[in-house]
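Trainee: Listed below, chain by chain, are the residues.
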Amino acid sequence: MQGFDRPLGKAFFVAHNACSDHYMLIYLPIAEVSVNAFLLLGLGGIVGVLSGMFGVGGGFLMTPLLFFIGIPPAVAVATEANQIVASSFSGVLAHLRRKTVDIKMGLVLQAGGLMGSGLGILVFNYLKALGQVDLLVKIFYVVFLGAIGSLMFVESINTLRHSSKGRPPAKRRKHNWVHNLPFKMKFRVSGLYISVIPPLLVGMAVGVLAAIMGVGGGFIMVPAMIYLLGMPTKVVVGTSLFQIIFVTAFTTMLHATTNHTVDIALALLLLIGGVIGAQIGTRIGVKLKAEQLRILLAIMVLAVCVKLSFDLLLTPSELFVLGAAGGH
Amino acid sequence: MRILHLLLAALLFAMPAKAEEIVLGLSQDEVAITATFEGSHILIFGAIKRDGTETIDGDLGVIITVSGPKTPITVRRKERKYGIWVNADAVEVDAAPSFYAVATSGPMEEVLKEVEDLRHSVTMSKAIRSVGAKVEGSESFTEALIRIRSDAGLYSTFIDTVDLEEDTLFRTSIDLPSNITEGNYETRIFLTRGGVVIDEYDTIIPVEKVGIERWLYRMAQDNAVLYGLMSLAIAIAAGWGASAAFAALRR
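Top line first, the protein sequences correspond to chains A and Y. Numbering-wise, the working numbering puts 1041 at position 267 of the first sequence, and it's gapless, one number per residue. Numbering-wise, the working numbering puts 336 at position 251 of the second sequence, and it's gapless, one number per residue.
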C-alpha cells in the first residue's frame, strides 16, 4: 500500500503547487483563454493515474474540471479526447510489458463499438431533434452509473469479506448463459473460450452509450468485461485502454475536422501530465488485489453518479447558462 | 506627459472645425496576443478642441467604450420540472460583444441622458441587442448575460475613471483581461454637455494572435486534417516517450 500512497500524493502536490503560482500563464490558441501551465500538468497527471489504474479514459472527470477552469465546453470535449489517446497509449504500453492486454478481445469489442457508435449517433441526433438531449443524457448517466457502481461495490465487498474471514473467495460465475452461444473463439490472454456474440454486443452497447453520452465509455466497458464476459480484472484494464485509443483517436479527428476545436497547446500540457500519470497508475493497479481495484472503481463511479444527481436536484447558483446561438 | 501635451497641441491646430471636438491618442493601436499573453491595457487620451463658438450649456462629460467583436448568443434559463433542474426557456441575443468596457468622467446620470444612451447604445444593457426576444421577462436574460460576463471579467463599467483636466484634456486606461478573443475592438469616445452627446469619435483597435498562436490557429482552421493528425502524432509520441522513460528507470 505504500506504493499506492506516494505517487498519488505527489500528483496532488503538483496540482496544489500550481494554484499558488501565477507566473506560468499560457494563452491557448483555440480556447482563447490564459491558463496556468502547472495546473494543467497536475490535472493531466491525476486523471492519468486513474486511467492507468482502472482502464478508464478519464474524460468524465477531466471535462467538468476543464469547464471549471474556464475552457469553453466544445474545446474541452475535443481536446480531452486527444489527451486520452496519449494517456491510454502510455498505459497500454505499460500493460503490454506485463502481458495484460487481450488484443484479440480488444479488436472484437472495437468492431462492436464502431457499429454501436454509428447507431448511437443516430439515437443522439433523434434526441437532439426532440430537444432536452442534455437532460436525457444526464438521467441516463445517473441511472447507469448508480446501477453499475452499486452492483460492483456490493459484489467486491462480499468477495473481500469472504476472503478476509479465511474462507476461499466465492468464485464469480465463470459460466453463464453467455457462454453457451455459437461462434466460439479462443481468447488466450483472458483464458476464455466463448462465442464472439457477447463481446460484439457488449462493444456495441458501450458504443451506443459512449456516442450518446459523449465519453470514451471506459467506465462502462470495464464492468461489462468483468461481469458480463467474465474476464480477469487485471486483463480488463489493459484491454479497455487498448480499445479506448481507437475510439478517442477517431473522436479527435472528427472534432478537429468538423468543429476545429482541438487545442493542441492545451492537449500538450494535459498529456505530459497524463502519460506520466498513466505509468504510475498502472504500477499502482498491479500492486492492488482485483477486489480492491473493483471497489475503488465502484467508489469512483458512484461519486460521479452522486455529483451528477446533485446537479439535477439542487438549486443551481446560476439559473442561466450561455451558449453559442443556434443551440449548438 | 510633456511630450503628450505637445503632441496634442500639434493635433489641435491641425483639425478642422466643430464647436467642440475630440482629438484622440492611443498608447497602442493594436494588441498582440502571444503565447504568454497575460492581458494588456490601453491608455486612451485626448483633448477637446474648441473654435470659440461653443455655448456653455451644462457640464462637460467624457464617456469611453471599448467593445469586442459582437456575436449572437443563446441564454437559457433552468427551471425545476418533476423535481429536477432542466434547461427551459431560451432567449436569442442577436449581438453581444465578447468584451465591453465603459469608462466615464462622472456619474452616469450626469454625463449621459437616457435618450442619448438609447440613441448611441452606450451602457452595457443598451449595447446588447436582443430584438427577437419573445419570452416573457427577456430583460432578466440579458441581465444574466451581463452578470455572467461581468463575473468572467469581460464586461465592466468604470464610473468616474476618466480624468478630465481643465475641461480640455482627458485620459483613462482600459484593462484587457487575459481571456479576450481576437478581433477588431471598436473604441468610441463620446463628448457630452449636460448629458447630451455633442461629438463622437470612433476608432478600431485590432486584437490579434501573433507568432505560434497565429500559426496554430490558422492551421486548425485551414488544414484541419493535418492539424488533427499532428495532435494524434504528439499524443502517441508522448505516450511512447513516457513508457520508454519509465521502462529505462526500472532498469
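One or more hints might be untrue.
In silico BS3-like pairs for lysine-lysine, Cα to Cα no more than 27 angstroms straight-line [claimed, not checked]:
no.: 1; chain 1: A; residue 1: Lys902; chain 2: Y; residue 2: Lys211
no.: 2; chain 1: Y; residue 1: Lys163; chain 2: A; residue 2: Lys912
no.: 3; chain 1: Y; residue 1: Lys211; chain 2: Y; residue 2: Lys166
no.: 4; chain 1: A; residue 1: Lys873; chain 2: A; residue 2: Lys1061
no.: 5; chain 1: A; residue 1: Lys912; chain 2: Y; residue 2: Lys166
no.: 6; chain 1: A; residue 1: Lys1063; chain 2: A; residue 2: Lys873
no.: 7; chain 1: A; residue 1: Lys1063; chain 2: A; residue 2: Lys1008
no.: 8; chain 1: A; residue 1: Lys1008; chain 2: A; residue 2: Lys1061
no.: 9; chain 1: A; residue 1: Lys960; chain 2: A; residue 2: Lys878
no.: 10; chain 1: A; residue 1: Lys1061; chain 2: A; residue 2: Lys878
no.: 11; chain 1: A; residue 1: Lys912; chain 2: A; residue 2: Lys1081
no.: 12; chain 1: A; residue 1: Lys902; chain 2: Y; residue 2: Lys163
no.: 13; chain 1: A; residue 1: Lys1081; chain 2: Y; residue 2: Lys163
no.: 14; chain 1: A; residue 1: Lys958; chain 2: A; residue 2: Lys1008
no.: 15; chain 1: A; residue 1: Lys960; chain 2: A; residue 2: Lys873
no.: 16; chain 1: A; residue 1: Lys873; chain 2: A; residue 2: Lys1008
no.: 17; chain 1: A; residue 1: Lys960; chain 2: A; residue 2: Lys1008
no.: 18; chain 1: Y; residue 1: Lys166; chain 2: A; residue 2: Lys1081
Since the hints were derived computationally from the structure, they do not count as laboratory data.
Trainee: Each hint needs a verdict: does it hold in this structure or not?
Mentor: Quick rundown of the hints versus the structure:
1. At roughly 33 angstroms between alpha-carbon atoms, Lys902(A) and Lys211(Y) are farther apart than 27 angstroms, so this suggested pair is violated.
2. Of the supplied pair hints, the one linking Lys163(Y) and Lys912(A) holds, its CA atoms being roughly 14 angstroms apart against a limit of 27 angstroms.
3. A distance of roughly 33 angstroms separates the Cα atoms of Lys211(Y) and Lys166(Y); the hinted pair therefore is violated under the 27 angstroms criterion.
4. Between Lys873(A) and Lys1061(A) the CA atoms are separated by roughly 15 angstroms; this keeps the pair inside 27 angstroms, and the hint holds.
5. The suggested pairing of Lys912(A) with Lys166(Y) holds, with an alpha-carbon distance near 14 angstroms, which does not exceed 27 angstroms.
6. With a CA separation close to 17 angstroms, the supplied pair Lys1063(A) and Lys873(A) stays within the 27 angstroms bound.
7. Proximity of Lys1063(A) to Lys1008(A) is assessed by CA-CA distance (about 9 angstroms); at most 27 angstroms being required, the pair is judged to hold.
8. Annotation: proposed proximity of Lys1008(A) to Lys1061(A) holds, straight-line Cα distance about 11 angstroms (limit 27 angstroms).
9. Proximity of Lys960(A) to Lys878(A) is assessed by CA-CA distance (about 9 angstroms); at most 27 angstroms being required, the pair is judged to hold.
10. At most 27 angstroms may separate the alpha-carbon atoms for a hinted pair to count; Lys1061(A) and Lys878(A) meet this at roughly 25 angstroms.
11. Proposed proximity of Lys912(A) and Lys1081(A) is supported: the alpha carbons are some 11 angstroms apart, at most 27 angstroms.
12. For a cut-off of 27 angstroms, the pair hint linking Lys902(A) to Lys163(Y) stands: about 18 angstroms separates their Cα positions.
13. Distance hint between Lys1081(A) and Lys163(Y) is fulfilled; the C-alpha atoms sit about 18 angstroms from each other, no more than 27 angstroms.
14. Between Lys958(A) and Lys1008(A) the alpha-carbon distance is near 23 angstroms, which keeps this suggested pair within the 27 angstroms criterion.
15. With a C-alpha separation of about 17 angstroms, the suggested pair Lys960(A) and Lys873(A) falls inside the 27 angstroms cut-off, and the hint holds.
16. Between the alpha carbons of Lys873(A) and Lys1008(A) the distance comes to roughly 10 angstroms, so the proposed pair stays at or under 27 angstroms and holds.
17. Restraint check for Lys960(A) and Lys1008(A): satisfied, since their Cα atoms lie roughly 18 angstroms apart, inside the 27 angstroms limit.
18. For the proposed pair Lys166(Y) and Lys1081(A), the alpha carbon gap of about 19 angstroms is at most 27 angstroms, so the pair holds.
The structure is inconsistent with the numbered hints 1, 3, although it conforms to all the rest.
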